[in-house]
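Asks: The numbers in the sequence shown follow our numbering, run straight up by one, and end at 487.
It cannot be assumed that every hint is accurate.
Claimed, not checked - Simulated crosslink set (DSBU-like; lysine-lysine; CA at most 30 Å straight-line):
hint, residue 1, residue 2
1, K393, K450
2, K397, K450
3, K392, K450
4, K394, K450
I should point out that these hints are in silico values taken from the structure, not numbers from a laboratory.
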Amino acid sequence: MEKKKFQKLSIAALIISIFPLMTFIPVLFHITLTDGVRSVWAGINIVSVFTGLILSITCIKNSDSRSAINIISTIISSFWVLLMGGIIALALFISIVQ
Numbered sequence: 390m391e392k393k394k395f396q397k398l399s400i401a402a403l404i405i406s407i408f409p410l411m412t413f414i415p416v417l418f419h420i421t422l423t424d425g426v427r428s429v430w431a432g433i434n435i436v437s438v439f440t441g442l443i444l445s446i447t448c449i450k451n452s453d454s455r456s457a458i459n460i461i462s463t464i465i466s467s468f469w470v471l472l473m474g475g476i477i478a479l480a481l482f483i484s485i486v487q
């Protein structure tokens with residue numbers, strides 16, 4: 390029973406980790422979003438990145454539930470966190486230089 394719980398949790402973590410890629414859908418279809426929609430979308434992306442990372446780490450901590458899905462979702466979520474951190478650091482650096 391415990392293994393099935395972690396398996397469902399790891400699939401959920403993978404889906405949540407991939408969710409920020411849906412940001413590219415409006416770009417592909419040349420859809421322009423309003424500022425409010427973009428802000429809400431950015432907030433949802435940030436929440437999904439951190440939620441996916443927490444779920445991935447929770448699944449990987451248990452050695453019985455480690456699988457390729459867990460490792461991939463952890464790598465994807467870590468990439469998003471590093472990317473967001475880099476963007477924040479760049480924005481701070483640019484604001485300080487100006």
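Asks: So which of the earlier hints does this model not fit?
Replies: none
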